[in-house]
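On the provided structure of chain Y, position chain C as indicated by the hints.
Protein chains in written order, with the working numbering: chain Y, 1 to 227; chain C, 228 to 538.
Read the hints as simulated data drawn from the structure, not as lab findings. Any given hint could turn out to be false.
What the hints assert, rightly or not - Looking from chain Y toward chain C, a few residues come up when the C-beta cut is under 7 Å (computed):
hint	residue
1	Thr54
2	Lys64
3	Ser73
4	Tyr87
Stated by the list, open to error - Just some of the chain Y residues that point at chain C, by a computed CB distance under 8 Å:
hint	residue
5	Ala63
6	Val83
7	His93
8	Pro95
Ideal Cβ positions, reconstructed from N, Cα and C, are used throughout, including at glycine.
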Amino acid sequence: MKDVSLDLPESAVLGLIGPNGSGKSTLLNVIAGVDKPTSGIVKLDSKRIDNLRTNRVVRYGLAKTHQIPKPFSNMTARENVAVAVLYGRRNIHSPSSALQEAERTLSLVGMGSRNDAPAGNLTVQEKKKLELARAIATGASVLLLDEVFAGLSPEELKDSIQLFKKLHEELHFSALVVEHVMRAVLSLSQKVMVLEEGRVIATGSPDEIVHDEKVIQAYLGSKNPAT
Amino acid sequence: MNLQKPGLTLYGLFIVMAFLAAAALLLGVAVSSILVVLLIYAALAYSINFITGMMGYVDFGHVLFMAIGSYALATLVSYYGANPLLGVGAGAVLGLVFAFGIGLVILRFRGVYFAIATVVLVLAAYNIVLQLPQLGTGGEIIFNRPLQPLAPYFTIWTIVMIEIALTYYVNRSRIGFGIRAIKSEEDAASSVGVSPQRLKLIGYMLGGLFGGAAGAVYSWSTSGVTAGPAFDFTFSLLMLAMIIIGGVGSSIGPLLGAVVVYIPSYFLLTSVSQAQPLIIGLLVIIMALFLPDGVVGLLRRSNDRLRLVLE
Numbered sequence: 001m002k003d004v005s006l007d008l009p010e011s012a013v014l015g016l017i018g019p020n021g022s023g024k025s026t027l028l029n030v031i032a033g034v035d036k037p038t039s040g041i042v043k044l045d046s047k048r049i050d051n052l053r054t055n056r057v058v059r060y061g062l063a064k065t066h067q068i069p070k071p072f073s074n075m076t077a078r079e080n081v082a083v084a085v086l087y088g089r090r091n092i093h094s095p096s097s098a099l100q101e102a103e104r105t106l107s108l109v110g111m112g113s114r115n116d117a118p119a120g121n122l123t124v125q126e127k128k129k130l131e132l133a134r135a136i137a138t139g140a141s142v143l144l145l146d147e148v149f150a151g152l153s154p155e156e157l158k159d160s161i162q163l164f165k166k167l168h169e170e171l172h173f174s175a176l177v178v179e180h181v182m183r184a185v186l187s188l189s190q191k192v193m194v195l196e197e198g199r200v201i202a203t204g205s206p207d208e209i210v211h212d213e214k215v216i217q218a219y220l221g222s223k224n225p226a227t
Numbered sequence: 228m229n230l231q232k233p234g235l236t237l238y239g240l241f242i243v244m245a246f247l248a249a250a251a252l253l254l255g256v257a258v259s260s261i262l263v264v265l266l267i268y269a270a271l272a273y274s275i276n277f278i279t280g281m282m283g284y285v286d287f288g289h290v291l292f293m294a295i296g297s298y299a300l301a302t303l304v305s306y307y308g309a310n311p312l313l314g315v316g317a318g319a320v321l322g323l324v325f326a327f328g329i330g331l332v333i334l335r336f337r338g339v340y341f342a343i344a345t346v347v348l349v350l351a352a353y354n355i356v357l358q359l360p361q362l363g364t365g366g367e368i369i370f371n372r373p374l375q376p377l378a379p380y381f382t383i384w385t386i387v388m389i390e391i392a393l394t395y396y397v398n399r400s401r402i403g404f405g406i407r408a409i410k411s412e413e414d415a416a417s418s419v420g421v422s423p424q425r426l427k428l429i430g431y432m433l434g435g436l437f438g439g440a441a442g443a444v445y446s447w448s449t450s451g452v453t454a455g456p457a458f459d460f461t462f463s464l465l466m467l468a469m470i471i472i473g474g475v476g477s478s479i480g481p482l483l484g485a486v487v488v489y490i491p492s493y494f495l496l497t498s499v500s501q502a503q504p505l506i507i508g509l510l511v512i513i514m515a516l517f518l519p520d521g522v523v524g525l526l527r528r529s530n531d532r533l534r535l536v537l538e
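The following block holds chain C by itself, in its conformation from the complex:
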C-alpha cells in the first residue's frame, strides 16, 4: 500500500457505483430489480470482508446477521406498519448489538474453533426462530406493500458506498495496521501494544452492522422473510466465495467478487439453477489453489502500475 498516492482505487469504485446508479435511473424498474441483487451481494461481501477478509477469522455464520436484519425489517414493516427505511436502520443497529454480545464470547476462539463456533451459532439461532410462537410456521413473515424497486435499490446502493469508503479508510488507518498485524501474528501484535480483543470486536461489529443492514434490504426487496432461506448456510458460503474470488481484505475485492458470483447465478437461475453452487465451488477451489489473492492479486501481479494503484 502506498499512502502517498491515494485515491485511484476509490475513484474507480465510485465510477462503477455511479454507473450502477445511472443504470437504475435511466433504464428503470426492470433493470433495478435485477441489479438490486448484485448490490445486496456486494453489501454482504463488504460486510464479511471486515471479519474474514481483514482479520482472517473465517466466519461461516455471517448469514446470522443477515437474518437478524431481515427479521428486524419484516417485523417492523409487517406488524407495526413502519417505514422500511426505519427497518433498515433497526436491522443495522440490531446487527451491531448482536455482534457486540456474540463477539465478546466467540472472538476468544481462534482458527478452526472460531469457524466451528460460528456454524453452531447459526444452527442455534435458526432453531430458536422456528420455535417463536409469534411467527407463522417456518418462521414466516410476509408483508403486502406496493413495491417501489427504486427505494430499496438506492438504499442498498448507499450502504455499499458507505462500506467502500469505510473499508478504504480502515485499511489506511491506524486500526488497519493493527488489524493486519492481528491477521498475521496475533500474539506478536499484542507484544507491540495492539489490543487484539478490542480491534477484533470493532471488526466483528462492523461486519454485524452492515450484514444486518444488507439483510434488511433483502427482506424489503423480497417483501418478506422465511426462516429456511434466511438462515441458509449457502449464503454464508456465497459471501466467503465472493471475498475469496475478489481478493480478501482489499477495498475493491468484494465488489469484484460480488460481480463474479452474481453473473452465473443470474444467467443460470432459470435454466440450471442447481449448477450455480457447483460452478462457484469450482471457482473457489481454483482460486484457492492458483490465485490465493483473488482477482485483485492477479491484476496486481499482471502489471506494475496496477500493483501500486489497486488497494
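Just chain Y, same shape as in the assembly:
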C-alpha cells in the first residue's frame, strides 16, 4: 500500500472498493491492528492505535468483522455475542447480564429467534449477521466491515442493506465498509474511496464515483485499448 490516507468522521459511512488484490482487506487489517504498518500511522480520536494488538484496539472502540465469518462454533449465538459484550469496552463483567445484553443485540440484527442456536449451525447470512452483532456488542464506535454483504441472494441483500441503515440510524457508529457488491456500497456510503494496486485512484460521493473515468477503467478495462 502506498500513500493511502483516509479520514472517517464521526458517524460517517465510508465505502472502500477496488478490484481483487487492490489492498482493501490489507487496509482494514492494518487499521484493526491485525497487521502492523511498515510505515504510517493510525489514529482513533487523536490516540495512536497502530502499535496496539487487535484486542487492545477493541478497547479503544474499534471492531472489525471477518470476511469469512468466524463464529465460535462451540457456543450458541447468544454466547458468541456475550463474549463480545464481556470483553469489549462496555465494562459489563457478569456473564448473566452479558447474556441478556447479547439477546438485545441479536434481536437488533434480526436474529432474536436464534439465541440458542449453536453458532456452527447458522446459515451464511446468519453467520454474517452474527459477525455484525459481535462487532456492535463490543460497544465499538467505529466498525470495519469486511464484505458483510458478499455471497447473499438478492433478497437477502435487500434485507441486509435495510438492516444496516436501521442500525446506523439507531447506533450512530462510523463505518468503513469494504465491499464488492456495488449496490450495497453505493446505497450505504456517504463517500466512497477506490483502491487499485494499493493506491487510491478516486474519492468522492457515490454519484461521482460511478462516473469517474479512472474507476470505470479499473473495473471494466480501458475504453480504447490502444491508449
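Only chain C this time, still in chain Y's reference frame:
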C-alpha cells in the same frame, strides 16, 4: 450451559467426593492406599483439563509439572526434613512459576507446533535432571518416613475439591467465555477484545499449579521419586486419555475419566499390566471416533434433563 440453573453437577461431584472421604475414614488404610491413586489421577486430569480441555491446546508434556512437584516434595522432605505438606505447597508454587516462564514462550505456538514443543520440553527437562550431580543415579531421591496413608489421601482429596470448584467457577465466569472463544477461533476472539496471550497463560498456570501439587502428593505416597517414572511419557498420555474419555473442558468429565482409566489399571496391575495401555489406547480411539464429547457428551445426549444439568 444454563447459568440460571446452577449447582446440580457441583452437588453431584461433592457427593462423590464425600463418599471417597468417608470410605477412607471408615474402611481405613488398605482402602485409602488404593483410592489415593484414583484421586491423584483425578487431580492430574483436572489440571490438564485447564490447558487441553478448556483451551484446546494439546499438552503432551504435562508430566513435566508432575515431575517438578514430585522433586520439590522429595527434595524438601529428604534433604531438609520438611513437613510433606510444605512440600506439596512448594510443588504447587514451583509448578505455577515454571508454567509462567514456559507459557510465556510456548503459548506463542499453536496447534501441532505447541504439542511438539511440549514433548521437547519434557525430554530436555528429563536429561537435565539426569545430569544433576546432587541426585543419585537415575535422578533418584528416596526418603524414609513412617507413612501415614491418610495424610496424603486427604491432601490430594482437598486438592481435587479445589480443582472441581475452580473448574466449575472458571467455566461460568467471564474468563470461561473468553477461553472457550479462544478454543474455537483464537483470531476472532481477539477481534472482540479477548486477550489470548493473557487468558492462555492463566489457563496454563492453573495447569502447572495443580500438576505440581498432584506430583508432590504422588512422590509423598510413594516415598520418593526416580527420573524415569517421574518423566514417563505414559503419564502425559494417561492424563490426555482421562479427559478425552470423560469429556474435555467440563467440570465432571475429568473425574469420570479418572475412574474409567483407573479401574482397569488397578485390576490389571497384578495379572496383565502390559494390557493397560492397550486397553486405554483402544478406549481413546473408540471415544475419539464415536463419542468426541466423552462420557459426559454421551450422557447429555441420552437424556434432555441430563443435557441441561451436566456441566
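Quick rundown of the hints versus the structure:
1. Thr54: holds, 5 Å
2. Lys64: With a minimum Cβ separation of about 6 Å from chain C (threshold 7 Å), the hint on lysine 64 (chain Y) holds.
3. Ser73: holds, 6 Å
4. Tyr87: For tyrosine 87 (chain Y), the interface hint holds, since the closest Cβ of chain C sits about 4 Å away, which is under 7 Å.
5. Ala63: holds, 7 Å
6. Val83: holds, 5 Å
7. His93: holds, 5 Å
8. Pro95: holds, 6 Å
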